[in-house]
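Enquirer: The chain contents come next:
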Amino acid sequence: MSEQAREDTFEPRIVAFFCNWCTYTAADLAGISRMQYAPNVRVIRLMCSGRVDPQFVLAAFRNGADGVLIGGCHPGDCHYQEGNYNALRRIELLKQTLVGFGIEEDRLRLEWISASEGDRVQKVCNEMTERIRALGPLRLTTPSRVEAGAPGPAHELVEQVTS
Amino acid sequence: MSKPKVAFYWCASCGGCEEAVVDLNEVVLDVVEAVDIVFWPVAMDFKVSDVAALEDGELAAVFINGAIRTSEQAEIVELLRRKAGAVVAFGACAWLGGIPGLANLYSRESILDYVCGESPSTVDGGGARPVEEFDAPEGRMRLPHFDEDVRTLDQVIDVDYYLPGCAPPAGLIAQAVMALVEGRLPEKGSVLAPDVALCAECIRAATKPEDLKVERFYRPYEIVADAETCLLAQGLVCLGPSTRSGCGAVCIAANMPCTGCMGPTSRVIDHGAKALAAIASLIETRDPDEIAVLAEQIVDPVGTFYRYSLPASLLHRRVEPAPIRGGPAV
Numbered sequence: 000m001s002e003q004a005r006e007d008t009f010e011p012r013i014v015a016f017f018c019n020w021c022t023y024t025a026a027d028l029a030g031i032s033r034m035q036y037a038p039n040v041r042v043i044r045l046m047c048s049g050r051v052d053p054q055f056v057l058a059a060f061r062n063g064a065d066g067v068l069i070g071g072c073h074p075g076d077c078h079y080q081e082g083n084y085n086a087l088r089r090i091e092l093l094k095q096t097l098v099g100f101g102i103e104e105d106r107l108r109l110e111w112i113s114a115s116e117g118d119r120v121q122k123v124c125n126e127m128t129e130r131i132r133a134l135g136p137l138r139l140t141t142p143s144r145v146e147a148g149a150p151g152p153a154h155e156l157v158e159q160v161t162s
Numbered sequence: 000m001s002k003p004k005v006a007f008y009w010c011a012s013c014g015g016c017e018e019a020v021v022d023l024n025e026v027v028l029d030v031v032e033a034v035d036i037v038f039w040p041v042a043m044d045f046k047v048s049d050v051a052a053l054e055d056g057e058l059a060a061v062f063i064n065g066a067i068r069t070s071e072q073a074e075i076v077e078l079l080r081r082k083a084g085a086v087v088a089f090g091a092c093a094w095l096g097g098i099p100g101l102a103n104l105y106s107r108e109s110i111l112d113y114v115c116g117e118s119p120s121t122v123d124g125g126g127a128r129p130v131e132e133f134d135a136p137e138g139r140m141r142l143p144h145f146d147e148d149v150r151t152l153d154q155v156i157d158v159d160y161y162l163p164g165c166a167p168p169a170g171l172i173a174q175a176v177m178a179l180v181e182g183r184l185p186e187k188g189s190v191l192a193p194d195v196a197l198c199a200e201c202i203r204a205a206t207k208p209e210d211l212k213v214e215r216f217y218r219p220y221e222i223v224a225d226a227e228t229c230l231l232a233q234g235l236v237c238l239g240p241s242t243r244s245g246c247g248a249v250c251i252a253a254n255m256p257c258t259g260c261m262g263p264t265s266r267v268i269d270h271g272a273k274a275l276a277a278i279a280s281l282i283e284t285r286d287p288d289e290i291a292v293l294a295e296q297i298v299d300p301v302g303t304f305y306r307y308s309l310p311a312s313l314l315h316r317r318v319e320p321a322p323i324r325g326g327p328a329v
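Chains as they are written, first to last, in numbering that gives the first Met the number 0: chain A, 0 to 162; chain B, 0 to 329.
Next up, chain B with everything else stripped away, as it sits in the complex (with noise of 0.2 angstroms):
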């Protein structure tokens, strides 16, 4: 019998998923003995002609990491889908836009605009833009459209799985690519992770008082953190409370805070939100005065809250996108 045959692909990302997958080190092999791998672009020349030549549902799964804002990205997780059994939203940028889509606090038109003339690093100047198509000796030359907005997987195509984090960790990854391939599959839209927040298994869970309350938020370069008493007792937003567990605590390891990666659990429909309600929650003092002080010591609260999960969002993106050039939309 013929080994299931899976993909790997990347759109709007850092690359930081393909070295996740690389982390898994001599687990690697196991995967590999299981499965075929048949569309790798960052690891193996295969192109997309090989991967449209399959029959459709061919593929036992593939696995897509990065957010959609170009044409192609969203043609090729298009083509993926028509192939294969099962999707997995590969890591935060494709589960929920990840920190790609922070770019939806900007306008297109803004982002062409800085990237294309006002960056420090064009020396062009004219305010040359990118064409989609163009006649050159070979042919016509054509590059993708860049969309309005940055989008999550499941905003473009059917998706099945999610394996959360930023990257995804590495037992999680193994966990579910030898689930797919033995075909132990678990119900749809489910996220592969442990379904309770980080604060349950974090290293520093003992140190977190039973009422904890916050007289000043610090940001980490304002302080020198203890090694280890829980990071919100010393005033770090550490968005432990709202973020789902599964990746071993790794930054409050490293004396980091939360930033909120593994998105949230099944109950939460809006990270943000939630993590945000969480942090408020904390505030020790009743005066509004004194409220809004500690509020604004929370600088860049959608940056904060949304780091990874603007695009999926209730609210999607900022409602009349701010120039670029204003810096942070606050």
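Isolated chain A (complex conformation) (with noise of 0.2 angstroms):
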């Protein structure tokens, strides 16, 4: 699809990354019960929100996704004891630095999910579907070209010496 075609019809990609024990648990319920949310969110399971890689975020961004959001175990309840603080001190550190790369702190969000909040996940899901939708689409710059065959002084120096 092209630039403009995806903006005229833009529906936000959000990728999610779910801990096994509370968040994506939390999901299944919501499924189960028959929940409807926005279908915007594709979740990724990992053990622990403390095993989110900033790269992982960065990753997904440059893959195309226009918001992250990442859901771990309330303080206190990790199935490892510090996995979602760890992933807290990252997640804001990580913020306060795409905020330097101009990208709106929004477009991440940290969420604590229990087993049993299967409302929630449709909530938090429905919530940041709206609100990247109103951001509208990340637009990420890959790294330019010159273009093809524009001369220049050493382009034509090579010219001269080679004809």
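Hint data in this document are derived by calculation from the structure and do not stem from the laboratory.
Bear in mind the structure is a predicted one, so any value in this text is a computation, not a measurement.
Any given hint could be a false lead.
Quick look at which bits of chain B chain A covers, simulated, 3 or more residues with Cβ under 8 angstroms [said to hold, decoys possible]:
#1 228 to 240
#2 266 to 280
#3 311 to 318
Restraint ranges, calculated between C-beta atoms of paired labels, are given here [to be verified]:
#4 A:F55 x B:D134: 51 to 59 angstroms
#5 B:S265 x A:G63: 25 to 33 angstroms
#6 B:F45 x A:G63: 41 to 49 angstroms
#7 A:T141 x B:V41: 40 to 48 angstroms
#8 B:V195 x A:E81: 19 to 27 angstroms
#9 B:R266 x A:Q80: 24 to 32 angstroms
#10 A:H78 x B:M255: 21 to 29 angstroms
#11 B:I268 x A:E81: 50 to 58 angstroms
#12 B:I110 x A:E104: 23 to 31 angstroms
In silico contact screen, one side only, chain A against chain B (beta carbon under 7 angstroms); selected entries [to be verified]:
#13 F9
#14 A58
#15 N85
All C-beta atoms, glycine included, are put in the ideal place defined by N, C-alpha and C.
Make the complex out of the two chains shown on their own, each in a separate frame, by following the hints.
Expert: If you want it as structure tokens, here you go:
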């Protein structure tokens, strides 16, 4: 799809990293309970929100995500004791870094959702989708190329010598 | 048998990498003994036409430092690529974008606005801009095009090897040159330095606590750092845990934290993100408000974590560039 077409019919693409023990189970519960929510969220299951390397978030943005959602256990409930606190520390610093990159803070969201909170998965996914819809698509730049064959001083010199 | 031919070239760089070659001291004599240097603009009077006159592939190796920002740089490195058997990205700027790569936090237009108009030393006013072509009595004159963004060398041409560092340490340069001359070629794409983090070879490693936690981050001017204790343990943002070794920890020896010029190890894609994760994980508190306070103590996170690697990073550049007058983009 062309960039223009994508903007005309913009549907946010959101990558969600959910922890196995709480948020992913909550998303399962939402499904079993037949709760409907925005289909814009693509869920990736990790063992712990502490496994979310900031590189994953940036790779999601680089590969076309307009927003990234991370779900973990409530403070004190982490299956691995400290993982969700580490997620909190990293995401806080990553958000400040993203602002430096000109990326709106709201494109990255960290939420604590326990296994019983299926309704909260529904609510957060819907909220995030609407927020990203309002922000619009994330436009990342790829390294530019000098226009092919555009002549310059060195090019000209080479032409003279080789002709 | 004739000696292998090599060339050195500089792009968007400060000249420090050229210094590093000269800093080889007497080792440079071994290098000169072993090779014919046929092109080295900073030190020798050869012309681009001399390079163009070579057969394709005739150069055994070219060492290119600096990032790519202009059409001239791109053209010459493309020429050198054709003439060379092996291309070595020499130093942090050629490998990752380096300090000049931080210009990717600003748009081309805002840079030109500032440099040609707003900077305090510009007296001309009037907003005059460099023109790329004009007719002079001597004929048609041309200036290179100033690109939209700063690129790493391998975003422009195919690169065989990388020598890290700002500038690369003399020992690594000598090893790399001799390996190439003697045909002991490493695997293509190799970074010619040890593949472990700086902490592994740090002179202060013994003082790094097992469970390192930070209660407050300091900038180097805010404290007088103890000269023997791990700098991270003193709250200084030292990128040793996420940066490649091979530099001999010279900054640490001078009581300054590592700023990451040796780039990442081979397991890392985005150096800044990994450095950020390593530093954030050291925060002691679990309280969200206090975590936010500590995160704010790292002034200019992009400049701290991506100091040498912005163009090579996953995001490559700032999304909607800030006006340069706005100061650091935070």
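Enquirer: Give a verdict on every hint.
Expert: Results for each hint:
1. Taking a C-beta to C-beta cut-off of 8 angstroms, the segment 228 to 240 of chain B contributes 0 residues in contact with chain A, too few for the three needed, and the coverage statement is violated.
2. Proximity of the segment 266 to 280 of chain B to chain A, defined as three or more residues with a beta carbon under 8 angstroms from a beta carbon of that chain, is established by the 11 residues found.
3. Residues of the segment 311 to 318 of chain B with a Cβ under 8 angstroms from some Cβ of chain A number 7, which satisfies the need for three, so the listed coverage holds.
4. Taken as a hint, the range 51 to 59 angstroms holds for the pair A:F55 and B:D134, whose Cβ atoms sit roughly 55 angstroms apart.
5. Distance hint check for B:S265 and A:G63: the Cβ-Cβ separation is about 26 angstroms, which falls inside the suggested range of 25 to 33 angstroms.
6. The supplied range of 41 to 49 angstroms is met by B:F45 and A:G63, whose beta-carbon atoms lie about 46 angstroms from each other.
7. A hinted range of 40 to 48 angstroms is violated for the C-beta pair A:T141 and B:V41, which are about 32 angstroms apart.
8. A beta carbon spacing of about 26 angstroms between B:V195 and A:E81 agrees with the range 19 to 27 angstroms that was offered as a hint.
9. Checked against the hint of 24 to 32 angstroms, the pair B:R266 and A:Q80 passes, with Cβ atoms roughly 25 angstroms apart.
10. Under the hint 21 to 29 angstroms, the C-beta atoms of A:H78 and B:M255, about 40 angstroms apart, miss the expected range.
11. Checked against the given bound of 50 to 58 angstroms, the beta carbons of B:I268 and A:E81, roughly 25 angstroms apart, lie outside it.
12. Checked against the given bound of 23 to 31 angstroms, the beta carbons of B:I110 and A:E104, roughly 26 angstroms apart, stay inside it.
13. For A:F9, the suggested interface contact is broken, since its CB lies about 16 angstroms from the closest CB of chain B, more than 7 angstroms.
14. Hint on A:A58 holds. Least Cβ distance to chain B is approximately 6 angstroms, under the 7 angstroms limit.
15. For the restraint placing A:N85 at the interface with chain B, the shortest Cβ-Cβ distance is roughly 5 angstroms, inside the 7 angstroms limit, so the hint holds.
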